[in-house]
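These protein sequence lines map, in sequence, to chains A and B. If you want the numbering used here, it's the position in the first sequence, counting the first as 1, plus 1328. If you want the numbering used here, it's the position in the second sequence, counting the first as 1, plus 2.
It is worth saying that the hints were derived from the structure and are not from the lab. One should not assume that every hint holds.
Unchecked claim - The calculated lysine to any residue pairs, modelled on SDA-like cross-linking and capped at a C-alpha distance of 25 Å, are:
1) B:Lys-356 to A:Val-1436
2) A:Lys-1344 to B:Thr-304
3) A:Lys-1630 to B:Asp-263
4) A:Lys-1350 to B:Leu-202
5) A:Lys-1441 to B:Ile-359
6) A:Lys-1441 to B:Glu-259
7) A:Lys-1606 to A:Phe-1618
8) B:Lys-356 to A:Val-1442
9) A:Lys-1350 to B:Gln-355
10) A:Lys-1350 to B:Glu-260
11) A:Lys-1350 to B:Asp-263
12) A:Lys-1441 to B:Pro-194
13) A:Lys-1500 to A:Val-1442
14) A:Lys-1411 to B:Leu-202
15) A:Lys-1500 to B:Thr-304
16) B:Lys-356 to A:Gly-1580
17) A:Lys-1500 to B:Asp-263
18) A:Lys-1350 to B:Ile-201
19) A:Lys-1441 to B:Thr-357
20) B:Lys-314 to A:Pro-1526
21) A:Lys-1606 to B:Phe-211
22) B:Lys-314 to A:Lys-1411
23) A:Lys-1411 to B:Gln-124
24) B:Lys-356 to A:Lys-1606
What the hints assert, rightly or not - Just so you have them, the derived chain B footprint on chain A, three or more residues with Cβ under 8 Å:
25) 1462-1468
26) 1546-1553
As the list claims (entries may be wrong) - Quick look at which bits of chain A chain B covers, simulated, 3 or more residues with Cβ under 8 Å:
27) 1344-1353
28) 1373-1383
29) 1507-1520
30) 1562-1572
31) 1601-1610
For every residue, glycine included, the Cβ atom is placed at its ideal position computed from N, Cα and C.
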Amino acid sequence: MDELRDFKFIRPTFRKWTQSEKRNFRIGMFFIAPWLIGFLAFTAYPMVVSFIYSFSIYHSKRPLEFVGLQNYAAMFKDELFWKSLANTGYMVVIAVPLTLFASFLCAVLLNLKVRGQAFYRVVYFLPSIVPTVAGTILWLWLLNPQTGLVNLALAGIGIDGPNWRADPDWSKPSLILLGLWGMGGTIMIYLSGLQDVPQSLIEAAELDGANWFQRLWHITIPMVSPITLFNLITGVIGMFQYFAQAYVFRGGGELGDPLNSTLFYSVYLYQNGFLFLKMGYASAMAWVLFVVILICTLLLLKVSDRFTYYAG
Amino acid sequence: MNHVHETDEQKQKRLRARFLRDFASGLLSHGLIIAVGAFFLVPFLWMLLTSFKSDADVFRTPPRWLPYDNVRVEINGQEYPLYNVKTEDGIKQYAALEIEAGVAYFVDPAHPEAVMPIELQQGAERAAEAIYEVSFRWQNYPDAMNRGSRPTVGTSFWTYLKNSLILAFFTIVGTLLSNTPVAYAFARIKFPGRDFLFILVLATMMLPFQVTMIPIYLFFNDTLGWGDTFLPLIIPAFFANAWDVFLLRQFFRTIPEEMCDAARVDGASEWQIFTRIVLPLSTPVLATITVFTFLYAWNDFTGPLLFLTSPKNFTMALGLQDFQGQHTMLWNQMMAAATIFTVPIIIAFFFAQKTFIQGIKLTGSKE
């Protein structure tokens, strides 16, 4: 993060604080008290407790029983754990890049110099602020196999539409469609990036005879690569925690229906913690999730060094 | 330029070619933008249109875009649907009093005494077709709102709407009150340990909610006994969060330091500088935070799902989810409820469009 460049290397000093430092410290602590208390109560304390739970068997209202690494070992033998990890992996590997690619193309369209762009931008953006539950239910209706708009449109061009939600092969693509519909936020981030690409660079390339596609490939895409990296990382982190859509999208069925094809990692974690009341196991899963997210983020940052261009 | 020596004719030709090219590329651009735009717009329209359809019209195949309903006529104080009925004297408009076992009991609205039983399916032909007209069924909205997801006394979507508004209001108040002083300290007070603590703030952004979720749940639910109340959803908002602290700090740092220094020289305390100088200059960012906190609280599903168990405490999000599980066939009312759930956000968007886009860009340019 650029932000962190401002910070001096933090080195502990052992000299006594001056009078004004003491005073400033007191004032500072007073101002940041809300965050400090919140951090201790809702981050630090729960982290410690969750870490302890992850090595224990814990049913609420029964005493804690320490079991060492048993929860972590159980994960390796738990087929549903691997299934949920695979489901989440599918979304991370397919849905996230697809959404990025589609958002970028939409942003390029919305950045063309044509009349009525202000209106088009609103149209592309609006679905992203429809509440998650409302949007998910709307797509359940659109993807209804018999009377849904999507299959009727497909039938109109001679395609026999799939069962979408009820078909284990199509349930995740259904959720991807829902995600693409609501990608307006990502489009807007890309659009603001496109607007920041210096016009002079584009004009220079145009003078040198570069066509539209060459300008896009050699100038625009490298110039917005930091935004791609940002969207990629937030997209991956968000996808590992994908929950509400999957929870609502099963219709009236069980969590993970059909055939556990929408049993995503966070859904299975919720199921363990709050439906099976295996809070120790769920805590262990949460820590594994944290570590996986950390590794993915660091890997992306590392790999992206070669593909990201920072101007200035 | 190489156009200097061209004749008028050449110039006209060149300009015409350029006009045609611009026109074609403009047409192509519009075409693409509209085609992709349909993907975003049509589902939205379909939600609205479905919300106005009658129960029968919802499941009509193939569907029609606009909501249709039976044309009805009043006979003796009751309404009956009109049909085009094939008779020996040609097609007549009769009202169907009742349809039972494939036999419709028709009457001529002008002479409602004489009931004519007619078999609807006569061989391959239908003896009568219902008459439809475009008709928006506004009644779906009050029906959905008054129904609620469960037959619990005093619980309806009005309750959920009220609950969502209460939660959003207190979350916004808490967020504004708690994040501003914290962000001010990180932006403008040079206290020892500030940089370390700010890195800690940023680091908490990396922590997935799932890690702290279970202890927080047990703490509120079992230790404090706040299960099935709004408190676990409201109280944390009063203790600041990394995203808003970061956003506010970035903004506070753009306020000229000299203004604060001048006030300090005049003997103003940090609290006075914060409340009298910095906050009044920060209305744009406070508006952004208000809008986005509203969006977050209104949309939140996981929090209410964890803590709110009885239908009288449901939020719109929970209520709609529950409604969907209970009444899988009432798509028109479900879409009406979904529309009501969405409308406050659309209104907020049109009132604060700039704020919205600004906020998205700010969150996007954190890098």
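Hint check against the structure, violated hint numbers in rising order: 2, 3, 6, 9, 12, 13, 14, 16, 17, 20, 22, 23, 24, 26
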